[in-house]
Every structure is written in C-alpha cells, then in structure tokens.
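In order, the protein sequence lines correspond to chains H and F. Per my numbering, the first sequence starts with residue 5, numbered consecutively. Per my numbering, the second sequence starts with residue 5, numbered consecutively.
It should be emphasised that the hints constitute simulated quantities derived from the structure, not laboratory data. All residues carry an ideal CB built from backbone N, CA and C; glycine is no exception. One or more hints might be untrue.
[Said to hold, decoys possible] Derived, one-sided and incomplete: chain H residues facing chain F with beta-carbon distance under 7 Å: (1) L111; (2) T158; (3) F162; (4) E163; (5) N166; (6) S183.
[Said to hold, decoys possible] The calculated DSS-like cross-link candidates involving lysine-lysine, where the alpha carbons are at most 25 Å apart (straight line), are: (7) H:K174 - F:K174; (8) H:K82 - H:K69; (9) H:K125 - F:K230; (10) F:K125 - H:K230; (11) H:K232 - F:K126; (12) H:K201 - F:K125; (13) F:K174 - H:K201; (14) H:K230 - F:K69; (15) F:K333 - F:K271; (16) F:K201 - H:K125; (17) H:K232 - F:K232; (18) H:K125 - F:K232; (19) H:K126 - F:K201.
There are 2 protein chains.
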Amino acid sequence: MNEKEIIDPWSSNLPENYRDIINNFGLEKFNVHDFPEPNLLMRRGIIFAGRGLGIISKSIKQKKKFYILTGIMPTADKVHFGTKSVIDMAVYFQKHGAETYVLVADLEAAATRGVDLQTAKKRALEIHIPCYVALGLDLKKTKFYFQSSNQDVTNLAFEISNKATLNEYKAIYGNAEPSRIMSSLLQVADILHPQLKEQMPGIIPIGIDQDPHMRLARDIASRASKFKFILPSSINHKFVPSLTGDLKMSKSEGNSLFLLDSDKEIKDKISKALTGGQKTLKEQKELGGNPDKDMIFELFRQHLIENDSELKKREEDYRNGKILDSENKEYATKLLIEFMNDFRKKFEKAQKEVKKSFD
Amino acid sequence: MNEKEIIDPWSSNLPENYRDIINNFGLEKFNVHDFPEPNLLMRRGIIFAGRGLGIISKSIKQKKKFYILTGIMPTADKVHFGTKSVIDMAVYFQKHGAETYVLVADLEAAATRGVDLQTAKKRALEIHIPCYVALGLDLKKTKFYFQSSNQDVTNLAFEISNKATLNEYKAIYGNAEPSRIMSSLLQVADILHPQLKEQMPGIIPIGIDQDPHMRLARDIASRASKFKFILPSSINHKFVPSLTGDLKMSKSEGNSLFLLDSDKEIKDKISKALTGGQKTLKEQKELGGNPDKDMIFELFRQHLIENDSELKKREEDYRNGKILDSENKEYATKLLIEFMNDFRKKFEKAQKEVKKSFD
Numbered sequence: 005m006n007e008k009e010i011i012d013p014w015s016s017n018l019p020e021n022y023r024d025i026i027n028n029f030g031l032e033k034f035n036v037h038d039f040p041e042p043n044l045l046m047r048r049g050i051i052f053a054g055r056g057l058g059i060i061s062k063s064i065k066q067k068k069k070f071y072i073l074t075g076i077m078p079t080a081d082k083v084h085f086g087t088k089s090v091i092d093m094a095v096y097f098q099k100h101g102a103e104t105y106v107l108v109a110d111l112e113a114a115a116t117r118g119v120d121l122q123t124a125k126k127r128a129l130e131i132h133i134p135c136y137v138a139l140g141l142d143l144k145k146t147k148f149y150f151q152s153s154n155q156d157v158t159n160l161a162f163e164i165s166n167k168a169t170l171n172e173y174k175a176i177y178g179n180a181e182p183s184r185i186m187s188s189l190l191q192v193a194d195i196l197h198p199q200l201k202e203q204m205p206g207i208i209p210i211g212i213d214q215d216p217h218m219r220l221a222r223d224i225a226s227r228a229s230k231f232k233f234i235l236p237s238s239i240n241h242k243f244v245p246s247l248t249g250d251l252k253m254s255k256s257e258g259n260s261l262f263l264l265d266s267d268k269e270i271k272d273k274i275s276k277a278l279t280g281g282q283k284t285l286k287e288q289k290e291l292g293g294n295p296d297k298d299m300i301f302e303l304f305r306q307h308l309i310e311n312d313s314e315l316k317k318r319e320e321d322y323r324n325g326k327i328l329d330s331e332n333k334e335y336a337t338k339l340l341i342e343f344m345n346d347f348r349k350k351f352e353k354a355q356k357e358v359k360k361s362f363d
Numbered sequence: 005m006n007e008k009e010i011i012d013p014w015s016s017n018l019p020e021n022y023r024d025i026i027n028n029f030g031l032e033k034f035n036v037h038d039f040p041e042p043n044l045l046m047r048r049g050i051i052f053a054g055r056g057l058g059i060i061s062k063s064i065k066q067k068k069k070f071y072i073l074t075g076i077m078p079t080a081d082k083v084h085f086g087t088k089s090v091i092d093m094a095v096y097f098q099k100h101g102a103e104t105y106v107l108v109a110d111l112e113a114a115a116t117r118g119v120d121l122q123t124a125k126k127r128a129l130e131i132h133i134p135c136y137v138a139l140g141l142d143l144k145k146t147k148f149y150f151q152s153s154n155q156d157v158t159n160l161a162f163e164i165s166n167k168a169t170l171n172e173y174k175a176i177y178g179n180a181e182p183s184r185i186m187s188s189l190l191q192v193a194d195i196l197h198p199q200l201k202e203q204m205p206g207i208i209p210i211g212i213d214q215d216p217h218m219r220l221a222r223d224i225a226s227r228a229s230k231f232k233f234i235l236p237s238s239i240n241h242k243f244v245p246s247l248t249g250d251l252k253m254s255k256s257e258g259n260s261l262f263l264l265d266s267d268k269e270i271k272d273k274i275s276k277a278l279t280g281g282q283k284t285l286k287e288q289k290e291l292g293g294n295p296d297k298d299m300i301f302e303l304f305r306q307h308l309i310e311n312d313s314e315l316k317k318r319e320e321d322y323r324n325g326k327i328l329d330s331e332n333k334e335y336a337t338k339l340l341i342e343f344m345n346d347f348r349k350k351f352e353k354a355q356k357e358v359k360k361s362f363d
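Using the sequences and the hints, build the whole thing.
So, in structure tokens, the structure goes:
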C-alpha cells in the first residue's frame, strides 16, 4: 500500500458532526499512522476516534500483550454489515497479536429483551459465532464465552457495583431501571475481566454511540483500585448507514444488508439504495454525483473495494459524471454476490467447526 | 408437651407495635396450632407472623416437598444469638421434611460492604457454617453454597431484573444505588432458585425488618411468569433485643451475646444486662419484677429454658418478687455456660466435618 493513498480521516468523508463528537466527548483523534498495516476502515476514516489509543499502538509495535474484546447480542438471528465492521477490527487486532475475547451477551439479552438463555445459546452457536469465524476470527485463538457461563464475569459485576452511583446511571442512560443497571455493570465486567489473571491493555471496537459505556467502564476501572486494572481502550467507527441513508443499520429493518442475504435480496436491496446521483441521467452526466452521500459508495468504502486507488478513481469518475448510479449498483451487486458466495462457504465450514468445538 | 402450656403469640408478650406491623404490612398472624411440634420460638410468640404460611403448614402435614432457605452474611467473624433464632427455625423445618439451602452472601458482602470473596469464604467455612451445623443443621442434608459459585443464582438475578422497577426500589429501600439493586436482585434469585429444577413451596425465616425484601421477592416471583414459581413464604420472628434492651442484637455492638463467647464474657455481659426489676431489693420483694421487660427472661424464653412449665413458674415467681435479679442472672449465666460448653464441642467437631466436606 502506498502511504500517499491513505485517505485522511479528517477529509470531507467525515461529516462535521463527527468532529463535534470528538471535541464534545473528549475523544482522541484516530491517527492511522500509529498502527501498522491499517485495514480499509482505518485507512478511510471509518475508524475516526478512540480512547487510550497510544497504549494499544505501543503494544502492537513492541509486541507486548494486549487484548481485544467484542460481543454478540443474540437478540436477532441475523448479522448485519454494521457488525461486520466491528469484526473486521477484531480480526485486525487479532492478527496484530491481541488475545481475543468474544462474549455472548445472553444475560444482557435476557435482562433487557427477555430472550431466554437457551434461545440465545442456539442463535450464538448456529449463526453468530460461525459468522464471526467466517469473517476471519481464528476459532482456536478466540475465547468465545457466554456471560451465563462465566462466573468470573458475573462475580466481577457484583464486586464493582459499588463503584458507580445511581446518579451516574441517570446521567448516562436517562433510564436507570434495574435491568439496565445490571446489564451495564455486566458489560463493564466483560470489558475488564481479561485483566483478572494479568494486568494488560485491552481495546474495545465500538460504534461512537457506545462511548458512554466506555467512559463508565474507564471510570469504574479507575475507582476499583484493588484490581489494578489498566484503563481499557476503545476505538470508534462511524455508523454504518442503512442502504436508504438512515444513520445506522439496524437488526430489525428491511433496508439493511445482512450476511447470508440471498442473491435476490442483495439485488432488491441494492436497487432501492439511496445514491448521491442527480435526478435525471442528463443532469448526472453534466453535474456528476456525490459519492459522500451515496450508500453504494459506503459499501465500496467499508466492505467491497479493498484497493485504495481503485476506490479513489471510482469516486472521481462518479463526481465527474463518468459513472452512473446504474453502473455503480450493478458493480456493487456483482461484488456483493461474489463476497456472499465466498462468505457462505466459509460460514458453512465454520458452522461445523463451531459445533465440534462447543460440543 | 401439654397443649395448654402453649403461650399465645397474642399475649402480653407481644408489644402493641407488633400488632400494628401485622396490620400495616398485611402480614398473616402466625398460628402455632397449624404446625406440628412447635419449637419454643413458635410456642412463645417470638414467631408471630408470616406470609404464605398455609402452604407450608400443608406441606408439612401432607409430607409434600418444600424448602427452607436462609443465608450467611460474612461481614463479621462472629455469630450472635439473633442468628441462632433464625437457625433454630431452619432446624425446625429441616426436621419436618424441608430441603435445606443455606447461602453464603459473599457477592452481596462484596457489593455492599466491600468484603472480598476470599475473606468471605474463609469466614464462612471456618466460623459460620460450623456454627450453623453445631446449632443442629444436618451437614449432609443441607445445601450450603456461595453466591459467587452458584451460576444458577447469578443467572436468575439477571433474568428477573426486568421484573422490578427503579421506583419500587426507591420506595422499598430509599437508597436505590446500583450495588443495592444488584444485591437485592441476587437475594430474590437466592430465594427462588430452588424452584428452577422443581416447582415447590419454600419458606424463609426472617426478622420482621426483612419483610420488604420478601414482598419484593413475591412480587417478582408473580411477574416472572415463565418460571412458574410458587410464591415463596416467610415466617417472621420478633427482634432478639440486645442485653441492654436495644431493639435488636447487632454484629458490631458489645452488648450482644455471641456464640463462642467465653465464660468470662458471658458473666460480664449478663451482669450488665437490663432487667425488669425494681430499684431496690426491698421494692423488688414487695412489688415484684416485670419479666416482659427483662433481657434475662428474653434469653430464658428464646434460648435457655426449653420447658414451658418451668418458664411460666419462673415468670410468676419473678412477678411476685420471689425471684430476684441476682438469682435470675446467676441462673442464666449457669445455663449459658452449660449451653456454650456443649456448643463449643459441637462447633469444633463441625469445623472438622465442614473442612472435610468442602475440601
């Protein structure tokens, strides 16, 4: 990769409000040059901020122990492309030496959504964990666990519960119902528990909307002095917008792309996607389109086009009216179907391996 | 035991405010005739109320399955005589067929008092559990467990957390801090978890001050419909007053009697105990004393004099001025030292058995 091809996270790709978020929340700007072999999310400003990034960068460069932790919320039986971005980051850190933890948030799902533990377990083993493995997580090197079977985590949640106050919960969540408080403390315990055996830095890849959890986790970690936790780090990605331009892909909406979508579903969804094109073909050719407000380009940038030069050229061509929406959509459909065919094979293989591994 | 010798719980022994409590809280009056072979606490109005008592009475009489559950709060390394009353009730129900559960509230102690799990474990194994066994619980028939090692309980706490609201917590506890909420939900899970394998009635012996916990447990049990819990029952004892007449024995105060107190401690404490006697010896002989306001008689009633006729005669003699405070104290000291010598032997034996059983 040519260093010059790195797209600055502070380019026009980053909406003004993301800059505000960084300033208002006291986040650190993500600097792509601090991390070796950045993946496309890192190169293209999708990853744009974090907390405690320095200690992670240092751990990677100096080959010191650190961990990555992410979770599975087994409320749905599908995995959307927003989750793929998180796993892409987990894969990045795993490949750069991180101990890897993936929790199934079955107790949280039970507490906040009434999903029973058996349903959660079935979904995780049959869908989510195989998806994560098919996306590139190494099954043997990843510690998948269920909250309901990890006594270290549940015990830690109780032990740290006196390090947060009701007023903090109200300030952070508005809603401070018992189930919310329990879930949140469990989440903090998940984040910190890899350090029970050995103090080490850890990184949690999260959407920027999850930052309040992270601040709470860091506050609690600093107050729970007897555990001597290193404050956990976070790395934030921008929302993966829905195909129709909503801020965030959701598990429940029809306008989101899911891993394992069929060719037909892909074609249908892409055909309806919001583009940055003009109203008429004539205008598009004359005025060009805007790739920054185009959901097809979001897919190219975040998932489908690995090569930075290719992406850059396509963006230019789109701006100049050389590429039309129909061509973009056709190309995206082709790439997505290719991706999905490959993914489906990996998923089926992973399903068998996961079944074997958890039996 | 002669039926006529049963002391009515609604006799003058029960202060007016206990009647108010029953009325205000909507408790059931305890009826000693509903329970076979009542122990002295039941016969003498120390046990005075409860919730769901009918189903427990029926279970005993029809020899149907039910359970008794009580706990150990490992915040202190001593067990006082207030706890003895609770265990006497547990022993009663165990002898009348109850499955017996005794939890060590180590996670609650960690959450609300900052006691670490190792300290809690050591205290429970070396002091509390052997005390409970020495008081008559059958080690082999009793399921002692640590909250921190009982995943069924911690999981259930999370699963039921959406069945209570923040406002309920505020109403019940005033303080609705996260650690309090976590502890309370864990307590409810402790109370209900024996029914996870099989639906059955259960009884929790508690001081009347603990009734709000019980109401919450029953409310949550009725709302968590998917578990099909039978509402847990409770049986309430009056406070065991301190030797100086404070409402309740406490773990931290010097005016409470502890199991394993030395002969010297017993003598000192009894000598300072509040009595119902008159100011002068002359007045006492003329006017008599009041056994209802006498802490020595509290000990006789709750712990030291098993025979109802003997107790009744001694109360009459005290009222009539035939027995003086000094004689009462001497007799109580003698009985307590006898009890304690016997208890100490049982305790030491139990310590060895517990060590063996938990190794």
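Flag every earlier hint the structure violates by its number, smallest first.
8, 13, 14 and 17
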